[in-house]
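Chemist: What follows is the residue order along each chain.
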Amino acid sequence: MPTIYIDNKPYEVKSGKNLLETCLSLGFDLPYFCWHPALGSVGACRQCAVKVYKDEDDKKGRLIMSCMEPVNDKQRISVADPEASEFRANVIEWLMTNHPHDCAVCDEGGSCHLQDMTVMTGHAYRRFRYDKRTYRNQDLGPFLNHEMNRCIQCYRCVRYYRDYAGGHDLEAFASKNNVYFGRAEDGPLESEFSGNLAEICPTGVFTDKTLKQHYTRKWDLTMAPSVCQHCSLGCNTIAGERYGELRLISNRYNGEVNGYFLCDRGRFGYEFTNSEDRIRQPFIGRKPVDRTAILHEVAQAVKDGKVIGVGSPRASLQSNFALKKLVGEDHFYHGVSDNEHDLAELVIKVLKEGPARTPSLHEVEKADAVFILGEDLINTAPMLGLAVRQSVKQQPMKQVTNAHIPAWHDAAARELMQDSKGPLFIATVNTTKLDDIATQTYRAAPDEVARLGFAVANLLDPTVPPVKNLPKEIQQLAGEIAKALSEAERPVIISGASCESQSVIKAAANIAWALQKKTAQAGIVLTLPECNSLGLAMMGGHRLNSAFDCVLNGHCDTVIIMENDLYRHGKASVVNEFLMKCKKVIVFDHIVHATIEKAHMVMPAGTFAESDGTLVNNEGRAQRFFQVFEATDAVQESWRWILQLAALTGNQKITAWKNFEDLTEAIAKEEKLLAGVERVTPSAAYRVAGQKIPREPHRYSGRTAMLANISVSEPKPPVDPDSPLSYTMEGFRGLPPSSVIPFFWSPGWNSVQSVNKYQDEVGASLRGGDPGLRLIEPHLNGRAPYFTQIPEIFTPMKDHLWTVPLHHIFGSEELSVRGDAIAKRAPGHYVMINVDDAVQLKLAEGQNFEFEIEGQPYRLPVTISTSIPRGVAGLPYGLPGLPFVDLPAWAIFKK
Amino acid sequence: MDNRLLTMDITETNMFSIIQSMWLTFLHMFHKRETIQYPEEKVKLTTRWRGRIVLTRDPDMGERCVGCYLCAAACPVDCISLQATEDEHGRRYPEFFRINFSRCIFCGYCEEACPTYAIQLIPDFEMGEYNRQNLVYEKKDLLIDGQGKYPGYNYYKVAGLAIGGKDKGEAEHESPPVDVKSLLP
Chain A
1 MPTIYIDNKP YEVKSGKNLL ETCLSLGFDL PYFCWHPALG SVGACRQCAV
51 KVYKDEDDKK GRLIMSCMEP VNDKQRISVA DPEASEFRAN VIEWLMTNHP
101 HDCAVCDEGG SCHLQDMTVM TGHAYRRFRY DKRTYRNQDL GPFLNHEMNR
151 CIQCYRCVRY YRDYAGGHDL EAFASKNNVY FGRAEDGPLE SEFSGNLAEI
201 CPTGVFTDKT LKQHYTRKWD LTMAPSVCQH CSLGCNTIAG ERYGELRLIS
251 NRYNGEVNGY FLCDRGRFGY EFTNSEDRIR QPFIGRKPVD RTAILHEVAQ
301 AVKDGKVIGV GSPRASLQSN FALKKLVGED HFYHGVSDNE HDLAELVIKV
351 LKEGPARTPS LHEVEKADAV FILGEDLINT APMLGLAVRQ SVKQQPMKQV
401 TNAHIPAWHD AAARELMQDS KGPLFIATVN TTKLDDIATQ TYRAAPDEVA
451 RLGFAVANLL DPTVPPVKNL PKEIQQLAGE IAKALSEAER PVIISGASCE
501 SQSVIKAAAN IAWALQKKTA QAGIVLTLPE CNSLGLAMMG GHRLNSAFDC
551 VLNGHCDTVI IMENDLYRHG KASVVNEFLM KCKKVIVFDH IVHATIEKAH
601 MVMPAGTFAE SDGTLVNNEG RAQRFFQVFE ATDAVQESWR WILQLAALTG
651 NQKITAWKNF EDLTEAIAKE EKLLAGVERV TPSAAYRVAG QKIPREPHRY
701 SGRTAMLANI SVSEPKPPVD PDSPLSYTME GFRGLPPSSV IPFFWSPGWN
751 SVQSVNKYQD EVGASLRGGD PGLRLIEPHL NGRAPYFTQI PEIFTPMKDH
801 LWTVPLHHIF GSEELSVRGD AIAKRAPGHY VMINVDDAVQ LKLAEGQNFE
851 FEIEGQPYRL PVTISTSIPR GVAGLPYGLP GLPFVDLPAW AIFKK
Chain B
1001 MDNRLLTMDI TETNMFSIIQ SMWLTFLHMF HKRETIQYPE EKVKLTTRWR
1051 GRIVLTRDPD MGERCVGCYL CAAACPVDCI SLQATEDEHG RRYPEFFRIN
1101 FSRCIFCGYC EEACPTYAIQ LIPDFEMGEY NRQNLVYEKK DLLIDGQGKY
1151 PGYNYYKVAG LAIGGKDKGE AEHESPPVDV KSLLP
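If you read the protein sequences in the order shown, they are chains A and B. Start counting the first sequence at 1; every next residue gets the next number (the working numbering). Start counting the second sequence at 1001; every next residue gets the next number (the working numbering).
Quick caveat, the hints were computed from the structure, so don't treat them as lab data. Hints should not be assumed to be uniformly reliable.
Straight-line C-alpha distance at most 25 Å; calculated SDA-like pairs for lysine to any residue [what the hints assert, rightly or not]:
(1) B:K1181 to A:R162
(2) A:K212 to B:W1023
(3) B:K1181 to A:K212
(4) B:K1168 to A:R162
(5) B:K1181 to A:K59
(6) A:K59 to A:T121
(7) B:K1157 to A:Q115
(8) B:K1181 to A:T121
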């Protein structure tokens, strides 16, 4: 480890880094703009100047940009040097000559990197007397607000948007002093990761438009560590509340999972929590009742009836487990379609019994060859798509390393790499938004995708059965893929549940296992439909259809449905019949949906913001989300309702559990696959120096006024019995353990950039290790037998179309689409067919097409595509108002 | 301590001092009176007196408060609570603005923090109430129809934000918006 001298004090530092990140890791406050740990250095803003000295005798030194200077042994630098400080202050002053007098009306204010840096350099008074440059803004859609006057031309936005996230529609226009960042014309930013611009932009050019609807400064938010609920990846978020409503989702750095970024569904999907459709009162029939009345009524129904419980893949482990225990193991059903039930079980089998490990998102970024089977990642697991986008830079990066260019030297590295990309193969039904970086793409029906996968596996390991009747060009493609994968050091195979095909996942598993024989680091990533799909599957329970049968055959008459809209998981006619047949339908949920409409009793459950819970993501990582605020009305967690119910029904076992912790310990003890889940976060009794960790920043305002309109006597703040966090601003102000960090803030660093202070070193893991606990590890010594059922060649059927689901980042997920911003970006209903099929059926674009899938009639406008294979139709998954059918299935149409 | 002082008899040393005090008191009968007949007679307060808090308007009679939350953040007793919102033309204003005067210590930090001269402490202390709840002032109680102590200032004239009636480039010290399609020097 080299030693460098900063202001004549020696420090042991890591080699291969630049001086800026080294100084920041050591805790120095050095201002910067254009540099970002995920984007590297370009040396554009000239802000991070320090002095470098030739040797001990050099008293004069020279100014350099610390972000562009690698660390060298025995290097002598000075941060505090007056000339360097003055240089930095001057740069800020120049940057500020055009910056508007906007802080009071700017949403960035209070969490603004430019404010922080300006204060840091000491620039306080405007000397420049001339006119300020102005720009016109653009309408960038429902997610982001644009205020170009505030721009300081650091280029971070386009570097992130284009180079990192692969977007095309944000550009730098005009020249010299007039450079403009925006789109060629008004319109929503196309990238699914555009929301990160609000955090990437060091000032207020791009700000969160949903936050603007109910604007609150960072210092006024009550914040808690949370986990995104909108896909199976489990990105870490910080959720902020004010005046009893959730107002902001921002990134919570987790070096293993989401790093510095979130997708737009995750960032803006929170709006459903404030929806007018929220259930805030218990109901019996249509009549609102109070807490005791509903508890007694439901307890009576549970005592009288033969009860079954339907769990949910979007509810926490605690809620599902509590329900399972309330109704009894044999009466607990997973509230997912049979196909998704089987897929989730298959995923566990693959991850647990196979030798290939499932890498984290961070490890996927470092993969040097990727093969995607059947997944349209940007729409099903967006952040995984972003990770894959980084992975194609890994192989060209070797060239950069060979040329002795450090990896952080972004401009030079990109210049050398040009357009070269590492191997990425995508085999899916339809086009994906990663096709632009793919080495090869392959469009085919799921069975054909699986066949390609089996062929690749066979080439990697001849003990995998060969695929019969494989066309020559597919064999050739398989050869190419097998070659690229076997040459890689860290190949990753990605597949998942979104094309609803077991064969595809099995093929992916075969490839990963075959590869694992050659390269120990080969990994397999499998995505799942919802945030806790894997957790639910790990808990065990029966299929939803057996629940239907159970009631329809008269074995049971009362059903408790928890946080689940059955109409999204079962065919409408069957669910109707099921709910009609039930004597009592009891539903716990937080938002009105079709199942609620049919319920006899409704209990208002908390959303993630009003609940504590644990989720298991697709990696098998158990992660805890914390309650952000205490709901003022009857809303509470499903598991808490069940604990209270159990006391009334006389369930001895559940009555013994008093709080979140007891429940979590019971899960760890009783569920074999979930052992260890109680260790995810420190216990509720955890204190630092006798203090809890405050959810509110020390500058939280309005405590004695915000409720004064109701009563001038302030109420006692709510007590949190379930976590080491407090609902107030009093408590420990230092660095909390990584899993309970409610917000990032450090003296002088009010913006999100303060995360630097919470990391071991800049861009690495959080201090004390990244949060979350992996519950699934591969069976390293075991050799799970390869899957041998190779599907037959897909042959289109006359008057039929093989219908597969097409996922949409905005629209396919149940909860996020209930918010305004996401709903605005959701597509309309459609059915996608191949252009040749369209010609044959004499259908034009937009024309209505009538067909039937398993008795469910559809009449949808046609979207014609050249990429979807012949004989296959694509039906959007989960769009509101589109009747559910368990896909894939044959669509029958009348000519 | 000098022990002599403790034992000294008052009569032998301080007779003169008592007479002097009585004389001074007597003289005060002929001085100008400091006591005023409040409430019939009002107290004269200087303009900088830190009393009741008001929200003022700019010279165009628009609300000066832009809902920036700085007053609330500066308040040491956290007695200011507000919610920012904006009109259809992008002008920001508080949706509600509440001060709990039963907590206010009249320190004036809110006025110092205010970047728009909206919140001002005025020379008025007559706020006594029998019911503490009545000390909670809402925007309708706070907003006055004038500029208060700082006439002439209009924040939106210096801010870069475009609002109704003021487009980009029309504020003070602003050049017209850049034509981004031009590459001319």
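Chemist: The structure should be examined with respect to each hint, and the outcome stated for every one.
Modeler: Tested hints:
1. B:K1181 to A:R162: holds (21 Å)
2. A:K212 to B:W1023: violated (71 Å)
3. B:K1181 to A:K212: Violated, because 30 Å separates the two Cα atoms, which is more than 25 Å.
4. B:K1168 to A:R162: violated (28 Å)
5. B:K1181 to A:K59: violated (49 Å)
6. A:K59 to A:T121: Holds - the C-alpha atoms of A:T121 and A:K59 are around 23 Å apart, at most 25 Å.
7. B:K1157 to A:Q115: Roughly 22 Å between the alpha carbons, so the hint for B:K1157 and A:Q115 holds.
8. B:K1181 to A:T121: The given pair, whose Cα atoms are some 35 Å apart, is violated under the 25 Å limit.
This entry does not satisfy hints 2, 3, 4, 5, 8, going by the numbered hints stated previously.
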